[in-house]
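Mapping the sequence shown onto our numbering, position 183 (from 1) lands on 183, and the numbers just tick up by one.
The hints are simulated quantities; they were obtained by calculation from the structure and are not laboratory data.
This list has only true hints and no planted wrong ones.
Estimated spans, in silico, between C-beta atoms of each pair:
1) L328 / A179: 28 to 34 Å
2) P24 / S161: 29 to 35 Å
3) E268 / N93: 25 to 31 Å
4) K115 / G311: 40 to 46 Å
5) K176 / A52: 43 to 49 Å
6) G199 / G51: 34 to 40 Å
7) D151 / G182: 23 to 29 Å
8) P24 / E121: 46 to 52 Å
Where is the CB? At the ideal position from N, CA and C, for every residue including glycine.
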Amino acid sequence: MKFALFGGAAAGALLASQVAFAAPEVKIDGSSTVYPVTEAVAEEFQKAKKGAVRVTVGISGTGGGFKKFCRGETDISNASRPILAQEMEACKNAGIDYIELPVAFDALTVAVSPKNNLISEITVDELKKIWEPAAQGKITNWKQIRPEFPDMKLNLYGAGSDSGTFDYFTEAVVGKAKASRGDYTASEDDNVLVQGISGDPQALGYVPFAYVHENPGKLKPLKVVDPQTGKAVAPSMETVIDGTYQPLSRPIFIYVNRKSADRPEVKEFVEFYLTKGAELAQEVGYTPLPAEAYKVAMDRFAARKTGTAFGGHPEVGMKIMDLLARELKS
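Sequences and hints are given; from them, build the entire structure.
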């Protein structure tokens with residue numbers, strides 16, 4: 001009966017001391033796209049603080065994360081697209097002001113299984129043909145994509161409807177955010193999509209580039225033909241930096257609750273993020289922003305400047321220097 005050693009008043013005193021010395025917590029949720037870099041930052045920050053601060057990071061998707069954020073349930077929201085008009089309204093109605101901070105760029109990647117030797121590049125028109133709402137129940141075979149492809153079932157994998165990746169991909173490919181066929185394997189957890197695509201020779205799907213980077217050999221990224229230049233360009237840090245990977249190159253963000261920003265643990269975490277974010281973003285497979293962009297973000301955070309530099313909808317085709325210019329003006 002060794003467990004009885006700490007009983008009654010002694011156990012109560014021990015529990016009270018544990019509660020009294022519980023580490024302050026930074027609560028984060030949202031995009032699974034942004035998750036790898038935020039989680040990397042959180043791990044490094046907690047090591048630096050030697051357990052004095054606890055950081056939790058969830059993956060409800062950008063939309064799911066904003067729902068929690070605008071209810072005041074989280075301190076920071078990861079987002080793979082700018083905040084939308086309805087989310088801005090929800091935050092306003094709840095009295096939640098936010099600081100918008102871009103942290104990196106993603107090369108949103110269309111991928112197939114490495115077992116698929118049929119295809120190495122794809123056009124935006126072909127992607128639209130596959131993913132538009134009218135394709136539901138109709139475009140179900142590889143031969144329907146290109147006549148030279150074999151008569152083989154097409155299995156699709158993509159982001160769930162609460163995902164910012166879903167919003168951005170549909171805006172970029174179909175021409176309208178959230179306009180998509182529904183008969184595909186959907187998830188807000190990109191690891192689920194990686195597993196599905198990698199093991200299915202008939203699969204085609206889309207995931208953030210970090211999940212390609214983190215799973216070498218499991219996915220075969222496709223080159224995307226830029227509709228403006230007609231050139232097939234592979235997703236990579238280099239093609240994001242030079243602006244040639246279009247239209248699936250996009251900025252990713254964190255949004256900080258204005259009131260939370262005044263808590264020491266949140267303030268320190270965000271400053272740590274903006275200091276170490278470039279290095280850690282690159283480690284997980286994303287493209288860091290120019291040093292000037294992180295300085296602009298740090299100045300904005302220091303000034304507690306709230307609001308968004310965007311118009312309440314996903315914006316397609318933005319390049320790194322476009323983002324920097326936008327941030328400098330806002």
